[in-house]
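Undergrad: As a plain string of letters, each chain reads:
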Amino acid sequence: MSEVLLQIHEPGETPMPHDDPRGLAVGIDLGTTNSVVAIAHEQKPEVLRDEAGHGLVPSLVAYREDGQVVVGAPARRLLLDHPGIVVGSIKRLMGRGAEDLKALAGSLPYELASPAEGGMVRLKIGDRVLTPVEISADILRAVKARAEVALGQTVTRAVITVPAYFDDAARTATRDAARLAGLDVLRLVNEPTAAALAYGLDKGAEGLYAIYDLGGGTFDFSLLRLEKGVFQVLATGGDAQLGGDDFDHAIAERFLAERGGEVDSVRAKLALATARVAKECLTTQSEWQGALDLDGRPSLHRIDRTTFERLIQSWVGRTITIVERVLEDAGIEPASVNGVVLVGGSTRVPLVRRSVGALFGRPALADIDPDEVVALGAALQAEALTRGSDTLLLDVTPLSLGIETMGGIVEKIIERNTAIPTAMAQEFTTYQDGQSAMMIHVVQGERETVDRCRSLARFALNGIPPMTAGAARIRVSFAVDADGLLTVSARENTTGVEARVEVKPTYGLAEDEMAVMLRDSLEHAREDMERRLLLEAQVEARRTVNVVRSALASDGELLSAEERALIENTVARAEATAESGNRLAIRAAAEELERMTRPFAERRMDRGIRAALAGRHVDTLRS
Amino acid sequence: MNEAMPLPVQSPSASGAARCWSCGEALAHAALFCSACRSVQPPRALDHFTRLGLSVDFALDENDLDRRYFSFQRQLHPDRFATRSARERAISQSQAVAFNEAYRVLKDPLTRADYLLKLKGIAANPDGCHTINDPTILMEQLERRENLMSAKTVEQAAAIGNEALSHVKESVTAIADAFHRDDLDAAGRETTRLKYLVKLVDEARGRKHALAGEGADAD
Chain C
1 MSEVLLQIHE PGETPMPHDD PRGLAVGIDL GTTNSVVAIA HEQKPEVLRD
51 EAGHGLVPSL VAYREDGQVV VGAPARRLLL DHPGIVVGSI KRLMGRGAED
101 LKALAGSLPY ELASPAEGGM VRLKIGDRVL TPVEISADIL RAVKARAEVA
151 LGQTVTRAVI TVPAYFDDAA RTATRDAARL AGLDVLRLVN EPTAAALAYG
201 LDKGAEGLYA IYDLGGGTFD FSLLRLEKGV FQVLATGGDA QLGGDDFDHA
251 IAERFLAERG GEVDSVRAKL ALATARVAKE CLTTQSEWQG ALDLDGRPSL
301 HRIDRTTFER LIQSWVGRTI TIVERVLEDA GIEPASVNGV VLVGGSTRVP
351 LVRRSVGALF GRPALADIDP DEVVALGAAL QAEALTRGSD TLLLDVTPLS
401 LGIETMGGIV EKIIERNTAI PTAMAQEFTT YQDGQSAMMI HVVQGERETV
451 DRCRSLARFA LNGIPPMTAG AARIRVSFAV DADGLLTVSA RENTTGVEAR
501 VEVKPTYGLA EDEMAVMLRD SLEHAREDME RRLLLEAQVE ARRTVNVVRS
551 ALASDGELLS AEERALIENT VARAEATAES GNRLAIRAAA EELERMTRPF
601 AERRMDRGIR AALAGRHVDT LRS
Chain R
624 MNEAMPLPVQ SPSASGAARC WSCGEALAHA ALFCSACRSV QPPRALDHFT
674 RLGLSVDFAL DENDLDRRYF SFQRQLHPDR FATRSARERA ISQSQAVAFN
724 EAYRVLKDPL TRADYLLKLK GIAANPDGCH TINDPTILME QLERRENLMS
774 AKTVEQAAAI GNEALSHVKE SVTAIADAFH RDDLDAAGRE TTRLKYLVKL
824 VDEARGRKHA LAGEGADAD
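Here the protein sequences come in this chain order: C and R. Be aware that the first sequence starts at 1, since it is given in my numbering, and climbs by one per residue. Be aware that the second sequence starts at 624, since it is given in my numbering, and climbs by one per residue.
Quick caveat, the hints were computed from the structure, so don't treat them as lab data. Check before you lean on any hint, since a few could be wrong.
Okay, derived cross-link-like pairs now, DSBU-like style, lysine-lysine, Cα gap no bigger than 35 Å in a straight line [claimed, not checked]: (1) R/Lys743 x R/Lys792; (2) R/Lys822 x R/Lys792; (3) R/Lys743 x R/Lys822; (4) R/Lys792 x C/Lys412; (5) R/Lys743 x C/Lys412; (6) R/Lys818 x R/Lys792; (7) C/Lys412 x R/Lys741; (8) R/Lys730 x C/Lys228; (9) C/Lys412 x R/Lys818.
Construct all of the structure, not just a fragment, from the sequences and the given hints.
TA: Here's what the structure looks like:
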């Protein structure tokens, strides 16, 4: 291949992207509606885009009948003609159980597989049955591939963001999805914290900052203190089931009601797609008019901004109430906040901006794209974790953690807004004579009774020797790591009997399920191989382009003007082809470039030899 | 998956000089890092004040406390050890846990007063056995609690909350004075009062939200 050229290339002449043997570390915002991947270099983060310049990957996955999995914009194109095989907003189901779904809105655009008892939700998509973890893993694979194509290197490590208000089950599900996608999770970072990092570093912000993050499916509000590179989260609040999706639902329900007729998951999906278009138009227009085409029968609908704002007023009002309470709990007046940063696509809705601005008495800041700011922060954190940094994120646990005690009362062990990592312990005792086991039921939430909190796990401490009631000393210890993930252990202190669980959420995946999925993912190995070959071809082509460029710069005078123009043309063509996804075309272009620059390389070589021989005796050459 | 996390149970303060877990070098008192191999060391059994390099005293400068906490976390937080060995990551985590706990306790005047009393061998716990009984505190609190329960409007509840908040501030000053005079009885009595007052502030906030929620869009 390019040996000849490489031999005469002076080391350090061309800036090659140096390969980290462990692969590059990126930041990923795995969103309800869109996902974004970014990378940072020397604290300058950058969103990785496709050839067309799009940074957002729609979080939509299509499962085609031929077995092909399509993610992003191509999946969106399939939505209109094959709504049954496309799934979206999967983030709302992360870490949720079948019972949770009943509590959600009745018109969810999902078809559930056989009513799962306990355990994780399973969706029926086309002829497949999939968990939200697997579907999220497919999105992550596509995002990872985009990053690898953009960077020309393999990506194996990532910081992935999660809503601050995600509970332990949803965090674990996110980490499992990354594992399935072949990504080593460096850290799960809360979305508002990531946004604050990107904003603070970019603008050199100091003082008290509020992050109002309204995404497609989740709402987070965080209050941070920014001081000399430290990002200290003071308090956080939110609602993991409130977002722009709800706005879409409100519009879609109105359209469907205007139309009349049956509603099923397919019709709901199409109506939601139309509702989304209407919502987005109402950001800049005062009125939207359009058709909803279901079953080949279009109906005409009209909505103005005032009506839209009336429809969503209660959702927006709820976010404002949450903000007020977080501020009040933290003992902070809205006026003492130095800046309010808007994050998430739903903050484009004018009513949202007005309401937030009115509460704080100042216009909210949105000078970094609210769709990209979280991924930029994640990329900064990925760089900080792998290359070191002067900045430091100090985050908190969003929800209280506790265990069930007698009568279904929750005993809190770690209070919400406690800085992580943290570990706390409390002593409990037996309530019956001779009691030999104790059931430990771990829950998360702010309510006083177990039935109003989220159940995370149950485990038993067995082998307690017979004692009178109240004599045993059982110490239950909770530890939350820097990812916000919980481990619980229990120990009987008079005898030393011990039990420890890593909290595997009730709605999580069992280890054996995970093993099966990992095996399945090996079947995707062929696709992965194809992608690897593509990457190699791209890296090779770019390398050749760089080498020729530097040769032109140093030895260009060896060429005539025509020769030089011809080479430059070929270089430009090869460079453009390298950005395409066509491996064979890239190979061909690189080979052509090599072939046509061979005479040039030979001339350079001759000159190199002549230079080396200059001043030497003919005798020494002969011997 | 999750690494087993060492709980912040510290080894009892070693009688002899502690040694580095990695290279065996003798460690300076309360050293965070080994002077020879630079490995991070597990947290030692220290009181929260000493851990943060402060004198054992109720009066403290909050900004100074923040600065010290940030500077320790800059060195010890698990984010600084993301690419290090599992052992080092676990140790950094337990150090970060210890500093988070020390900061949490000292940052809030109530937990700080409570902790300092405990260090000095006095427990100010209204529900415990060594209750510092003061009928005047009890009467005062019962009366305020009743007022709060009979509050009918958000404004009334807010007014009671604000009044309690100003009493909280006075109480913190009184505690600081008592510690300054080294009058531990007075400090304990006032800390008990502060507990009730803080609880009242919380309850007033809850009452306010409950009253605001009535009729409004409740979830």
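Undergrad: Which earlier hints turn out false for this structure, listed by number in ascending order?
TA: none
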